[in-house]
Structures are given as C-alpha cells and as structure tokens.
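As you go down the protein sequences, you meet chains A and B in turn.
Each residue of the first sequence is one higher than the one before, starting from 1 at the first, in full-length UniProt numbering.
Each residue of the second sequence is one higher than the one before, starting from 1 at the first, in full-length UniProt numbering.
The set of hints was computed from the structure by calculation and includes no laboratory data.
Please note that a few of the clues may not be correct.
[Claimed, not checked] Residues of chain A placed beyond 12 Å of chain B at every Cβ, according to the derived structure:
1. Asn-48
2. Glu-60
3. Glu-122
4. Arg-125
5. Glu-147
6. Ile-152
7. Thr-210
8. Phe-275
9. Glu-283
10. Lys-297
[Stated by the list, open to error] Here chain B is said to cover these stretches of chain A; the calculated rule only asks that three of the stretch's residues, wherever they fall, bring their Cβ under 8 Å from a Cβ of chain B:
11. 1 to 7
12. 135 to 144
13. 171 to 184
14. 202 to 208
15. 289 to 296
Ideal Cβ placement from N, Cα and C applies to all residues, glycine included.
There are 2 protein chains.
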Amino acid sequence: MKVQIVEVGPRDGLQNEKEHVSTAAKIQLIDKLVAAGLHRVEASSFVNPKWIPQLADAEEVLKGITWSSDVTYSALVPNVRGMERAKASGLTEIALFMSASETHNKKNINKTMEETFPVLREVAREALALGMRVRGYVSTVFGCPYEGAVPIDNSRRVTHELLEMGVFEVSLGDTIGVATPKQVREVMEKIVKDTATERLAGHFHDTRGTGLANVAAALDVGIRTFDSSIGGLGGCPYAPGAAGNISTEDLVYMLNGMDWDTGVNLERLLEAGAFIQEELGRELPSKVLKAHLAAVKA
Amino acid sequence: MKVQIVEVGPRDGLQNEKEHVSTAAKIQLIDKLVAAGLHRVEASSFVNPKWIPQLADAEEVLKGITWSSDVTYSALVPNVRGMERAKASGLTEIALFMSASETHNKKNINKTMEETFPVLREVAREALALGMRVRGYVSTVFGCPYEGAVPIDNSRRVTHELLEMGVFEVSLGDTIGVATPKQVREVMEKIVKDTATERLAGHFHDTRGTGLANVAAALDVGIRTFDSSIGGLGGCPYAPGAAGNISTEDLVYMLNGMDWDTGVNLERLLEAGAFIQEELGRELPSKVLKAHLAAVKA
Chain A
1 MKVQIVEVGP RDGLQNEKEH VSTAAKIQLI DKLVAAGLHR VEASSFVNPK
51 WIPQLADAEE VLKGITWSSD VTYSALVPNV RGMERAKASG LTEIALFMSA
101 SETHNKKNIN KTMEETFPVL REVAREALAL GMRVRGYVST VFGCPYEGAV
151 PIDNSRRVTH ELLEMGVFEV SLGDTIGVAT PKQVREVMEK IVKDTATERL
201 AGHFHDTRGT GLANVAAALD VGIRTFDSSI GGLGGCPYAP GAAGNISTED
251 LVYMLNGMDW DTGVNLERLL EAGAFIQEEL GRELPSKVLK AHLAAVKA
Chain B
1 MKVQIVEVGP RDGLQNEKEH VSTAAKIQLI DKLVAAGLHR VEASSFVNPK
51 WIPQLADAEE VLKGITWSSD VTYSALVPNV RGMERAKASG LTEIALFMSA
101 SETHNKKNIN KTMEETFPVL REVAREALAL GMRVRGYVST VFGCPYEGAV
151 PIDNSRRVTH ELLEMGVFEV SLGDTIGVAT PKQVREVMEK IVKDTATERL
201 AGHFHDTRGT GLANVAAALD VGIRTFDSSI GGLGGCPYAP GAAGNISTED
251 LVYMLNGMDW DTGVNLERLL EAGAFIQEEL GRELPSKVLK AHLAAVKA
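Pulled out of the complex, with its shape left as it was, chain A reads as follows (with noise of 0.2 Å):
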C-alpha cells in the first residue's frame, strides 16, 4: 500500500528559517531528497522576494538542480506575476494557496477569501493552459492563529472552489500545529464526503508534538499524501522558537513501521537531514534524525 510525501522542505521549511542558505546549498538538498527516493518536491516559491527574502533565489535553485524525469518539482505562485516567473523556470507543476479563515488571508495575502478566489482561478487557468499540473494549499484549517477555531465549512468550501479551478489536490494544512487526532478524524470525515481521498492530502505542523498522530489519525480517514520537511526544518512564524512541519524522516520512520510504501529509502534521507542541519548549524527537530546522529557517535 502506497502512502506519497510532498517534501516541502526546500519551500515552507527554508522560508521560516532565519539563517541564510546559499543557493548552492538549497540545490544539493534538493538532489539528495530526490536521491533518497522523493518523487514530489516543492523547491521554492515566486511569492514577491519582498515578502519571502529567503527564498528569492527560486529561478537559480530550479536552474540548478539535476531534473529527474520521474520527480515533479513544484513551487508556490501567489499571482499572475508568479505565474510569469513559474512559466520561464520550466516547471510542470505549481501550488496555489490560500486559508480558511479570513483574518489569516486578510494578513498572509492582503485580500478577503472572496477576493482571492479570481487570482486563484485566473493563475489555475493559465497554469494548466501551458499543461502545468496545479495543486492548491488550504492554511488555518484546524485552526487560525487571529480566529481560533475554524468552521469546517470554510475548508469544504475552499476545497470545493480550488477543485473547480481545475486543481488536482488539496493539501489540508494546520498552519500553526494545533491538532489532535480527534478534530483530524472530524475534519477529514467531513470534507472527504465531497471530495474523493485521492484528492486530499494532510499537511501537519509538530508545533505542538501531535503532528504524526494526526498523521496517523488522517490515514485511518483514507488520506494517502503527506507534506512533511526534511529534519523538521522550518518553525512557526506564530511562535518564533517552536516546531514547523513535520519531519520527513520521522513520517518515513512512522510510515515504514506500518508498513506503508514511500519508496524512500530512510538511511539516504538521513543524509540529506544530516547535510541541512550542518549547513544550518542548529540541531533540527527530527527525533530520527537526533536518534541516528546520536548512535552514530556512540
């Protein structure tokens, strides 16, 4: 049984990291995830480097990497200008996003839900026109760090518009790692009435230390596609010091123990944790990758 991972380490991981990365660096990761067995990486993001500085450098890291044929690199595009930059870098998909809750959106995109949806549409079109492959990010779904709780009706409804723009899946996100199985089960069991489980995918921050129990709550649900980043890289821009996504070595650990297939090999994974977190120069979140460095020396 096959389980996909979205590493977006190199996206949601290095755009909520303070220290700088070279370019040079960014490229090697990315290569070593693909070596480890990745086949879905979001590499960078064309959101205004005015907003997002650390990660200005996406037409360098795409013109740098090694392209293998069976990996689809993707990237953020906020806008029809995104969209510009997205079609000159030679990718075949790109991500959409926005949040369930209309405070989060109101700051993270500077419009009302209502008035992103068109932005939205008119990137999607253009995307898949050029044949691209378009998928959409719905943030704050189990919560929003200005509203607390969020009706799941907002993420049926932001679902249900990002499908009819042509996307090919929603990942469901808790922005700020406030989850617990229980409200993933509630949540999930109820968008997944409208939308089929191959559409859907579960994007869980470990602010909090829940993040693979909700993955795991998600996969008894039917979800089969998890983002997670590379050691854990990333935080919370919400709680500068916490954790941010999931680690993608903890998720392939968990994975690998129930027996799912991620087709990633965990020890070549770990080098490329071991390689960020060196560059980096702070210890990472993953507790695989803790646990491994620490045997290692042993």
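For chain A, the structure is supplied; the task is to place chain B on it using the hints.
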C-alpha cells in the same frame, strides 16, 4: 471520559539526565507537578545508588515533598534491599520492573528473566503485606536494543506473572522508542485478550517522534493510563542525545484536544516544565513547552 497520567519525570526522566539536579529542586518539581493536578507521581527509585547515582537522594526527596492526600507517590524497587528503603519512606505504592527480552533483562538486572520472577515475587509479597499498592513495568515490549524484535508472548508472559504476584497495573514500555501505531495496536490487542485494559498502562518514549501517535493507537485499543515525563525530561541511554519519555505537556495537550479528562491544569504544568528546564539549563524536548515559551517571549 478519564485518562490517568502517571508522571515519571522525577524518576525515569531525571535518572537519564547528566546534569546534577539538587534535592531541593527535585522536591520543588514534584510539588509543582502535584499542584498542576497530577495524581500519580513516580518520585524516585530505590535502585542501588551505585547504578543510579542521580537518584541516590530518594529518601531526602520523599522526606521533603509536601505529601498530598489525594496523590499516590511511588518509587522503583528492584529487590528486598530496595524494599527496606521503600518501607521506611512512607510510600503507599512501589513499582517493580523487568524486561520482556532476555538480553536487556540480563544487562539491566543481571539476572535471567526466570531468575527475576522470584525476586520480584518476594518484593511484591512484602509490599502487599504492608498494604502497599504494587505497580509493574515491562521493558522492551516493542523492541530490544540488543535483540531487536521481541515476541509478544514474552510480554504476555511477564504481564501474566506480574499480575499473579498481585500487581494492580502493568505498564508496557517502549523502552527505546521504536514503536509505531500499527505495532502498538497489534501488541496491545493481543495483550488485552488475557488482561483487562484497566490493568494496563502505556509507557512510550518519543525517541523517533511516534510517542503521541502510539498513545492515540493505545487509546483506540482501550488503554486509559499513560506514563509521561514533564518537559520530556530524560533521554535514551542507548542513544545519548536522543529524546526519551513522551512529554507530559504534549500528552495533556493532545488529550485535552480529544476531550479526555486528565484532571491536569496545562498552564500550571507548563510552570513545572519551565522550572525544570531552567534548573537543567538545557532546552527540553516538549513541543508544547517550546511553543508556550516562544509565545510568552513574543
């Protein structure tokens, strides 16, 4: 619906910390844990101080704490000599321990499993005669650092023997933190065939990030008692630098979110976590503690 938490930080946590912790700080920690609403606290160990010098002050700790009448304090007792110390301490509960794997038992207790049973039986007999409650730990249920996989029948056998001795509850331990939810479900389902779930507890380590996912799986099987350590205190003697017990803060956060009643006040618990982190002078693994301290700072 209630879940019981057995706080093992002052014992399982501190016995694995290299940094010296003063007796006064241990006493303060235990009193803070009780103030947060924990009703079961493993306060120390009567293992020979030659082996665990970190807990050589068991008597002083137990003399110093403010005994609360609705809290059960406990300590580890390995043999009749330990039992003498426990008797003098005023405790109403002790805990026995052994492994489900021969090699770990031999290295840890210096006896075969068969040789261990009569020793524990004698301690249990004495404790029960004094009106004490006796808890039992089974180590390496989900994997052994020396033997790898451990047959479930070993754990069933040890569980059965402990219950025969009059133990009221058997805590099934993932000593090296290798378990995944699938294995937890499989092992627990087999063990609950002979043993009522009320007699069992889950003791998970988070060495590979799966700790809370394993708790959620054990909850599904009907387990309602879990061991955890404030701050995620402690570590893994087999992988120095790796994480140890699951964190009490993270456990309480997840259980709260799943509408389980633990009786614990998370705010006060975080005070206890912040206190012992400050004492140790190192960042503890608890993610909820990290997120809390980051939010306080922001």
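For the segment 202 to 208 of chain A, does the count of residues with a C-beta closer than 8 Å to a C-beta of chain B reach 3?
That given contact holds, which follows from 3 residues of the segment 202 to 208 of chain A lying within Cβ reach (below 8 Å) of chain B.
Apply the coverage criterion to the segment 1 to 7 of chain A and chain B: a residue qualifies when its Cβ sits closer than 8 Å to a Cβ of the chain, and three qualifying residues are needed.
Contact hint for the segment 1 to 7 of chain A vs chain B: violated, 0 residues under 8 Å.
Over 12 Å from every CB of chain B: does Glu-147 of chain A meet that, or does the non-interface label fail?
Check passes; 16 Å lies beyond 12 Å.
If I take the minimum Cβ distance from Lys-297 of chain A to any residue of chain B, is it greater than 12 Å?
violated (7 Å)
If we take the beta carbon of Glu-122 of chain A, is the closest beta carbon in chain B still more than 12 Å away?
Its Cβ never comes within 12 Å of chain B, the nearest being 36 Å, so this holds.
Is the Cβ of Thr-210 of chain A more than 12 Å away from each Cβ in chain B?
Non-interface label on Thr-210 of chain A violated, nearest chain B Cβ at 5 Å vs cutoff 12 Å.
Taking C-beta pairs only, is Glu-283 of chain A more than 12 Å away from all of chain B?
Non-interface label fails for Glu-283 of chain A: nearest chain B Cβ at 9 Å, not farther than 12 Å.
Non-interface claim for Glu-60 of chain A, where every Cβ of chain B lies beyond 12 Å:
holds (32 Å)
Quick one: see if chain B covers the segment 289 to 296 of chain A, three-plus residues with Cβ-Cβ under 8 Å.
Result for this restraint: holds, n = 5.
Confirm or reject the statement that Phe-275 of chain A sits farther than 12 Å, beta carbon to beta carbon, from all of chain B.
At roughly 18 Å from the nearest Cβ of chain B, Phe-275 of chain A sits farther out than 12 Å, so the non-interface label holds.
Are at least 3 residues of the segment 171 to 184 of chain A within less than 8 Å of chain B when you compare beta carbons?
holds (count 7)
For Arg-125 of chain A, is the shortest CB-to-CB distance to chain B above 12 Å, so the non-interface label stands?
Arg-125 of chain A is indeed farther than 12 Å from all Cβ atoms of chain B, at 39 Å.
The structure fails to meet hints 7, 9, 10, 11, 12 from the earlier list, while all remaining hints are met.
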